[in-house]
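Visitor: Spelled out from the first residue to the last, the chains are:
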Amino acid sequence: MATPISSLPVIAQTSGKGAAKWAARRAEKAAGANRRPGWVTYLLLGIVIAISAFPLYYVILLASSDQVTISQTVIPGLLPQGNFWNNVQTVLNGPYPIGKAFMNSLIIAVLQSVSVVVFSTLAGYSFAKLRFRGRGPLLVFVIATMAVPTQLAVVPLFIVMTKLNLNNTIAAVIIPGMVTAFGVFWMTQYLENALPYELIEAARVDGASMIRTFWNVAIPAARPAAAMLALFTFIGSWVNYFWPFIILSAQNPTLPMVTKLLQSGYHTDYSLIMAGVAISTAPLLVLFFLAGRQLVAGIMQGAVKG
Amino acid sequence: MIRSTRTRRGAAALAGASVIALALGACSSSGDTPNEGSGTTNPDEKITLTVATFNNFGYTDELLAEYTALHPNITVKQNVAALSDDARLNLTTKMAAGGEGLADIEAIEIDWMPELEIVKDKFADLASDKVAGRWLDWKEAQGKTSDGKLIGYGTDIGPEAICYRADLFKEAGLPSDRKEVAELLGGADATWDKYYEVGKQFVANSDSAWFDSAGAIWQGVVGQIAEPYENRADGSAKDLATNTEIKAAYDKIVEVSAELSGNFDQWSDDWAAAFQNNGFATMLCPAWMTGPIESNSGGVTGWDVADVFPGGGGNWGGSFLTVPNTGKNVEAAKELAAWLTAPEQQVKAFNNAGTFPSQIEALASEDLKASTNEFFSNAPVGEIFANRAAAVDAANLPFKGPNYFKINNAITNALKRVDVEKTDDAKTSWDKAISEFNDLGLM
Amino acid sequence: MTVQSPPNQALQPELDRRPTRIAFSQKLGKWDVKLSPYLYISPFFILFAITGLFPLLYTGYISVHEWHTLGGKGAFVGLDNFTAVLDQATFWKALRNTFSIFLLSSVPQVIAAIIIAAILNANIRAKTFWRMGVLLPYVVAPIAVGLIFSRIFGDQFGLVNALLDGIGLDPVRWHSDAFASHFAIATMVNFRWTGYNTLIFLAAMQAIPGELYEAAIIDGAGRIRQFFSITIPQLRATIMFVVITSTIGGLQIFDEARAFDAQGRGGGDKQWMTLTMYIQDLGWGNQLNFGRAAAVAWLLFLVIIAIGIVNFLITSRISTAGTKTPKTSKKAKKVKL
Chain H
1 MATPISSLPV IAQTSGKGAA KWAARRAEKA AGANRRPGWV TYLLLGIVIA ISAFPLYYVI
61 LLASSDQVTI SQTVIPGLLP QGNFWNNVQT VLNGPYPIGK AFMNSLIIAV LQSVSVVVFS
121 TLAGYSFAKL RFRGRGPLLV FVIATMAVPT QLAVVPLFIV MTKLNLNNTI AAVIIPGMVT
181 AFGVFWMTQY LENALPYELI EAARVDGASM IRTFWNVAIP AARPAAAMLA LFTFIGSWVN
241 YFWPFIILSA QNPTLPMVTK LLQSGYHTDY SLIMAGVAIS TAPLLVLFFL AGRQLVAGIM
301 QGAVKG
Chain V
1 MIRSTRTRRG AAALAGASVI ALALGACSSS GDTPNEGSGT TNPDEKITLT VATFNNFGYT
61 DELLAEYTAL HPNITVKQNV AALSDDARLN LTTKMAAGGE GLADIEAIEI DWMPELEIVK
121 DKFADLASDK VAGRWLDWKE AQGKTSDGKL IGYGTDIGPE AICYRADLFK EAGLPSDRKE
181 VAELLGGADA TWDKYYEVGK QFVANSDSAW FDSAGAIWQG VVGQIAEPYE NRADGSAKDL
241 ATNTEIKAAY DKIVEVSAEL SGNFDQWSDD WAAAFQNNGF ATMLCPAWMT GPIESNSGGV
301 TGWDVADVFP GGGGNWGGSF LTVPNTGKNV EAAKELAAWL TAPEQQVKAF NNAGTFPSQI
361 EALASEDLKA STNEFFSNAP VGEIFANRAA AVDAANLPFK GPNYFKINNA ITNALKRVDV
421 EKTDDAKTSW DKAISEFNDL GLM
Chain F
1 MTVQSPPNQA LQPELDRRPT RIAFSQKLGK WDVKLSPYLY ISPFFILFAI TGLFPLLYTG
61 YISVHEWHTL GGKGAFVGLD NFTAVLDQAT FWKALRNTFS IFLLSSVPQV IAAIIIAAIL
121 NANIRAKTFW RMGVLLPYVV APIAVGLIFS RIFGDQFGLV NALLDGIGLD PVRWHSDAFA
181 SHFAIATMVN FRWTGYNTLI FLAAMQAIPG ELYEAAIIDG AGRIRQFFSI TIPQLRATIM
241 FVVITSTIGG LQIFDEARAF DAQGRGGGDK QWMTLTMYIQ DLGWGNQLNF GRAAAVAWLL
301 FLVIIAIGIV NFLITSRIST AGTKTPKTSK KAKKVKL
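Protein chains in written order, with the working numbering: chain H, 1 to 306; chain V, 1 to 443; chain F, 1 to 337.
Bear in mind the hints are in silico, worked out from the structure with no lab data behind them. All residues carry an ideal CB built from backbone N, CA and C; glycine is no exception.
Below, computed lysine-lysine pairings styled on BS3-like, alpha-carbon distance capped at 25 Å: (1) Lys170/V / Lys200/V; (2) Lys77/V / Lys100/H; (3) Lys120/V / Lys149/V; (4) Lys149/V / Lys73/F; (5) Lys77/V / Lys163/H; (6) Lys93/F / Lys422/V; (7) Lys120/V / Lys73/F; (8) Lys328/V / Lys163/H; (9) Lys93/F / Lys427/V; (10) Lys144/V / Lys120/V; (11) Lys163/H / Lys73/F; (12) Lys432/V / Lys93/F.
Cβ pair distances, simulated, as ranges: (13) Gln89/H / Asp125/V: 46 to 54 Å; (14) Lys130/V / Val303/F: 50 to 58 Å; (15) Gln89/H / Ala248/V: 53 to 61 Å; (16) Phe129/F / Ile219/H: 27 to 35 Å; (17) Ala69/V / Pro80/H: 43 to 51 Å; (18) Asp234/V / Phe179/F: 43 to 51 Å; (19) Ile46/F / Ile219/H: 19 to 27 Å; (20) Asp425/V / Phe76/F: 39 to 47 Å; (21) Ala75/F / Glu62/V: 47 to 55 Å; (22) Ile75/H / Ile111/F: 28 to 36 Å.
Work out the full structure, taking the sequences as your base and the hints as a guide.
Guide: Here it is as structure tokens:
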């Protein structure tokens with residue numbers, strides 16, 4: 001196993017954090033980054049972002065239009081029109097429990113993200129860095145569980161949740177997503193590379209218990225991957241429709257359930273439907289804005305640790 | 001601790017647990033005896049009833065509050081699914097899991113009513129003197145199982161008329177007034193042949209197609225065949241390979257579609273866009289279709305409704321309220337379902353959401369008869385569709401057993417291949433339908 | 001806590017590397033070391049036992065019975081459900097479609113993701129903006145994406161066909177032609193997941209030690225050379241991860257294919273029906289044949305496992321071959337210099 005061993009943690013150990021940071025900066029420069037890339041790079045990125053952002057822009061375009069215009073043209077003008085706030089108002093004042101849906105979605109997404117990150121990091125650390133009997137087969141088993149088609153799991157899962165008396169509670173939505181095979185696999189792969197054995201050994205030599213070692217050594221190294229896992233989990237949970245729809249009810253919904261209801265409530269008035277989509281997407285954009293800096297900073301820290 | 005035994009023991013315990021859970025699931029599914037607390041024995045007991053509907057049944061909070069005003073101990077909550085497919089998926093999943101978690105009242109669309117035959121024991125018998133004779137007889141018949149048990153109270157129906165573009169008719173030199181159009185298509189004696197014949201005149205003088213989709217026409221034609229795929233007597237499936245009646249109807253539609261169809265798949269984006277592009281001049285038009293036509297036709301004027309339908313009358317769609325046996329308050333739920341489907345409430349629902357009532361009394365109400373539709377050139381839609389509902393011949397309505405939609409799917413797929421996708425001709429597509437039928441393993 | 005723990009290397013055998021002597025042991029510490037790994041992975045397995053294992057076993061149990069989705073269990077039929085679906089042309093067609101869509105989506109997706117990640121890994125301005133930007137398609141509700149793509153890939157009034165018509169080409173029959181429909185569906189899948197995989201690769205690239213590049217630059221390696229000699233081999237584990245997860249996800253393609261037309265049953269000739277759609281159609285469509293649906297679910301599970309193993313073997317061979325490259329190339333360079 002050719003674990004890439006960087007000298008940086010050693011620098012951090014021996015010369016303190018400041019030195020490590022400096023070394024990292026130097027390393028980054030050395031990575032051919034001492035000059036900024038030219039306009040071709042930005043052009044390519046610009047194209048990628050334009051394609052990526054188009055659906056979101058399209059949502060705004062439709063949400064700021066009206067039914068007649070939308071049924072007449074595919075793209076109702078290249079710039080948003082004036083109807084956006086009207087449509088948002090209409091949806092917010094409609095007969096849908098949007099406030100409750102927002103709280104439900106928020107609670108579910110936050111709890112799932114936190115729990116997935118904690119449990120996946122624990123398990124990933126264990127699989128990547130600790131030796132125990134059955135490790136290989138158990139990891140393969142974890143990965144294999146991802147291959148179970150979800151379609152059929154719904155009925156047995158519903159039976160389980162009913163037996164646990166969790167029907168129509170958000171707990172029934174949260175529990176199945178508290179730790180995912182994807183998360184465990186992801187943290188395992190990441191920590192395998194990003195966490196050098198020297199750090200663990202050093203902590204153990206200092207007499208740290210297993211959990212303390214995990215806390216002091218693994219967690220910091222895992223931070224960038226954990227930040228990403230949290231973001232992915234949060235978004236995945238936020239847009240999840242199917243299972244909440246089965247187990248919850250229209251009085252106790254999540255945001256995607258309300259968005260879906262708008263589709264029937266307003267027939268095919270896409271301006272209102274898209275206003276609903278915009279409302280349910282906005283919190284994610286706020287999250288992007290807040291988490292984005294953290295995430296990028298986190299990834300940079302990863303470079304230091306790695 | 002020795003790990004291997006631990007895991008083995010754990011696995012055994014798990015296996016045990018799942019067997020228990022299976023047994024429990026099986027148990028709960030057979031619980032068709034009325035539960036404790038059924039009936040309104042204690043009128044002061046506070047209960048909450050849930051009504052699961054889809055789309056828009058016109059049951060507003062105000063309407064439901066009226067029921068609470070009449071029965072102060074009862075609160076009614078509505079659990080709305082966006083589309084009937086969603087509601088079906090929800091119901092099916094919960095039924096498959098043993099029936100728990102179902103609402104006290106579940107709305108069912110006619111399209112999946114026949115499926116419930118196999119679980120008819122899980123639904124309460126709704127027959128009572130109070131509701132006898134409330135509905136059009138054919139609607140009431142649709143709410144019954146094969147052995148005559150009434151499991152669904154009718155809500156709305158979809159009596160079919162012909163919606164048409166008066167402006168395109170005029171351009172093609174055809175009469176455009178709704179009375180004249182009804183006469184043109186044969187009036188009370190309208191036939192499919194007449195409809196196709198006028199269509200041929202139309203396409204000869206127009207760039208637009210006559211109708212939108214072969215699949216839509218099939219819906220109308222098969223809706224007038226008494227026993228299309230199954231024998232009414234015992235519910236058994238007919239072999240499609242030897243079903244000459246269906247084969248003839250299929251051949252006819254394929255033949256005329258080559259000339260008359262817009263080749264659209266209903267509900268696709270192309271279909272929706274065609275409303276903006278004068279894609280077709282007529283549509284088979286159940287009462288509820290007026291909604292989608294209007295919302296797809298922003299800026300387009302000229303739609304109208306003619307009080308006529310080829311082959312007499314036809315019905316497309318409509319729903320029922322059922323009461324699953326698994327509920328805690330079956331008797332109270334029955335009472336609520338009866339109230340919701342009473343003529344007075346259904347007229348209100350019609351005013352709220354345009355769901356066309358199925359109750360004889362509601363169909364005669366002045367409120368309904370006076371309703372017009374501005375978008376459809378102010379056509380008196382209430383009166384027209386009430387007439388169309390009266391024209392439906394109960395004896396001609398198709399028998400839909402548990403296999404109806406499986407087999408019907410094979411045919412609509414076949415039509416889609418020829419009409420929309422153009423990957424097959426009539427013959428090869430029919431052969432594929434037969435092999436699809438054989439895959440169902442019904443023979 | 002720390003005080004109670006043994007102050008030394010007694011625990012080293014538990015680390016993945018060199019087993020060493022056990023100087024002395026303290027019971028508590030020993031238990032700590034032995035049990036901790038299991039404790040850490042236990043949440044996953046406990047949860048899986050509740051929400052994953054039971055469904056899996058239950059599905060197996062269903063698959064060997066005659067089982068109507070609504071009506072429930074019938075007679076035990078052994079492997080009849082399996083042989084019945086294997087006998088149907090639809091199963092094989094669905095298998096073909098699944099593979100076709102999977103290949104059209106995952107291969108370009110992984111390649112594009114690595115390239116975009118490499119660009120994002122450069123010292124660009126406004127990093128946050130670009131990095132978050134690529135994840136936008138993952139955020140926007142599928143209904144909006146579906147709406148856009150159905151207008152792009154319409155047969156008669158779609159955007160692409162309008163453009164083709166404008167330059168005098170024949171329209172593509174997006175919904176009739178099997179390959180065209182697979183391409184359109186794969187495009188939707190790629191659109192949604194490329195950014196996601198990009199960020200995964202980016203995180204891994206950020207963890208590549210800088211001095212590897214430093215050494216390469218000293219050796220005179222250009223950017224492209226660095227990319228192939230350092231970045232790709234160092235991404236070994238991540239490529240494996242992405243390939244395995246996107247294989248598993250790709251073979252379960254459902255939402256995009258289902259949303260491709262109004263009926264969601266894969267077209268008139270089932271030309272874009274995937275295996276998961278077939279499961280849905282059998283179990284929840286008009287057939288309501290839960291037994292056969294469960295059988296297909298198990299077959300799909302086995303197919304995914306088989307492909308996963310093949311994938312793993314191929315990827316690990318490529319990347320082991322890859323790891324040697326930096327050394328050899330360095331040597332080659334040195335000789336040249």
